[in-house]
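With chain A held as given, fit chain B onto it using these hints.
Just so you know, the protein sequences line up as chains A and B, in that order.
Okay, so the first sequence: first residue is 1271 according to the numbering used here, each after it adds one.
Okay, so the second sequence: first residue is 1374 according to the numbering used here, each after it adds one.
Any given hint could turn out to be false.
To be verified - Dumping the calculated PhoX-like pairs for lysine-lysine here, alpha-carbon to alpha-carbon at most 20 Å: (1) A/Lys-1336 x A/Lys-1284; (2) B/Lys-1376 x B/Lys-1425; (3) B/Lys-1471 x A/Lys-1325; (4) B/Lys-1442 x B/Lys-1425; (5) A/Lys-1334 x B/Lys-1425; (6) A/Lys-1334 x A/Lys-1290.
To be verified - Interface residues of chain A toward chain B, partial, derived using beta-carbon atoms under 10 Å: (7) Val-1274; (8) Phe-1309; (9) Ser-1313; (10) Leu-1314; (11) Gly-1331; (12) Cys-1364; (13) Pro-1378; (14) Arg-1381; (15) Thr-1385.
What the hints assert, rightly or not - Computed far set for chain A versus chain B, every beta-carbon distance over 12 Å: (16) Met-1315; (17) Leu-1316; (18) Lys-1325; (19) Phe-1337.
No wet-lab data here; the hints were simulated from the structure.
Ideal Cβ placement from N, Cα and C applies to all residues, glycine included.
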Amino acid sequence: GAVVSQHPSWVICKSGTSVKIECRSLDFQATTMFWYRQFPKQSLMLMATSNEGSKATYEQGVEKDKFLINHASLTLSTLTVTSAHPEDSSFYICSAQDRADYEQYFGPGTRLTVT
Amino acid sequence: DAKTTQPPSMDCAEGRAANLPCNHSTISGNEYVYWYRQIHSQGPQYIIHGLKNNETNEMASLIITEDRKSSTLILPHATLRDTAVYYCIVRVAYNTDKLIFGTGTRLQVFP
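Isolated chain A, as found in the complex (with noise of 0.2 Å):
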């Protein structure tokens, strides 16, 4: 149980262009989501907390027009890296909170690079 999946799990795409991320709570339903970016070597940095039907919240620092996150339905979380750049090359996580016990799971993560 307790499965989180991500789609696509890599994406190439030119600079520019929008990309978006899937992540999903397969076998529970998740309130609350939350996505990371982690660069090469570096330790994984919270973007944003994701909540169903309202507004995501960003950290300090993540631009909120630019990192688009949807959380339509409690299994089922977006973000979409909008005029994508070769600096937001990253490797992007999300987790779902199960809202039964409020453990999180990861999922395994998508590996965007910008072109």
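Same frame as chain A, but now just chain B:
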């Protein structure tokens, strides 16, 4: 900022116990100690958590000092597949408290 400090790296021989320390001297009374690990290019994996009593599961044991200012994660018989970055995190359980990751400990298990 992360509320924990960990050594940046450790080595362990395969089959031996790996003891990973963590300092959390400012932990609050309602905060739990959580351990996750991240194998290269994967999402973090939950290992174990505890409040003040020692805990054990099929993956590891968690030893928390009496004053709760530090803890040790023990992998009793390390294998090559345990090579990963291990993160110690404190958080308030049973609520929507976010997880703040520190730099973690890179454990290298060698043959």
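Against the structure, the hints:
1. A/Lys-1336 x A/Lys-1284: holds, 16 Å
2. B/Lys-1376 x B/Lys-1425: Judged against 20 Å, a Cα distance of about 17 Å means the pair holds.
3. B/Lys-1471 x A/Lys-1325: At roughly 16 Å apart (the allowed maximum being 20 Å), A/Lys-1325 and B/Lys-1471 satisfy the hint.
4. B/Lys-1442 x B/Lys-1425: holds, 10 Å
5. A/Lys-1334 x B/Lys-1425: violated, 39 Å
6. A/Lys-1334 x A/Lys-1290: holds, 14 Å
7. Val-1274: Hint holds; A/Val-1274 Cβ to chain B Cβ min 8 Å, cut 10 Å.
8. Phe-1309: violated, 13 Å
9. Ser-1313: With a closest approach of 5 Å, the A/Ser-1313 hint holds.
10. Leu-1314: At 4 Å from the nearest chain B Cβ, A/Leu-1314 passes the 10 Å test, so the hint holds.
11. Gly-1331: Where the cut-off is 10 Å and the nearest Cβ of chain B is about 14 Å from A/Gly-1331, the hint is violated.
12. Cys-1364: holds, 8 Å
13. Pro-1378: Where the cut-off is 10 Å and the nearest Cβ of chain B is about 5 Å from A/Pro-1378, the hint holds.
14. Arg-1381: With a closest approach of 7 Å, the A/Arg-1381 hint holds.
15. Thr-1385: violated, 20 Å
16. Met-1315: violated, 8 Å
17. Leu-1316: Per Cβ check, A/Leu-1316 is inside 12 Å of chain B; nearest 6 Å; violated.
18. Lys-1325: holds, 15 Å
19. Phe-1337: Nearest chain B Cβ is 16 Å from A/Phe-1337, so the label holds.
Of the numbered hints stated above, those contradicted by the structure are hints 5, 8, 11, 15, 16, 17, listed in ascending order.
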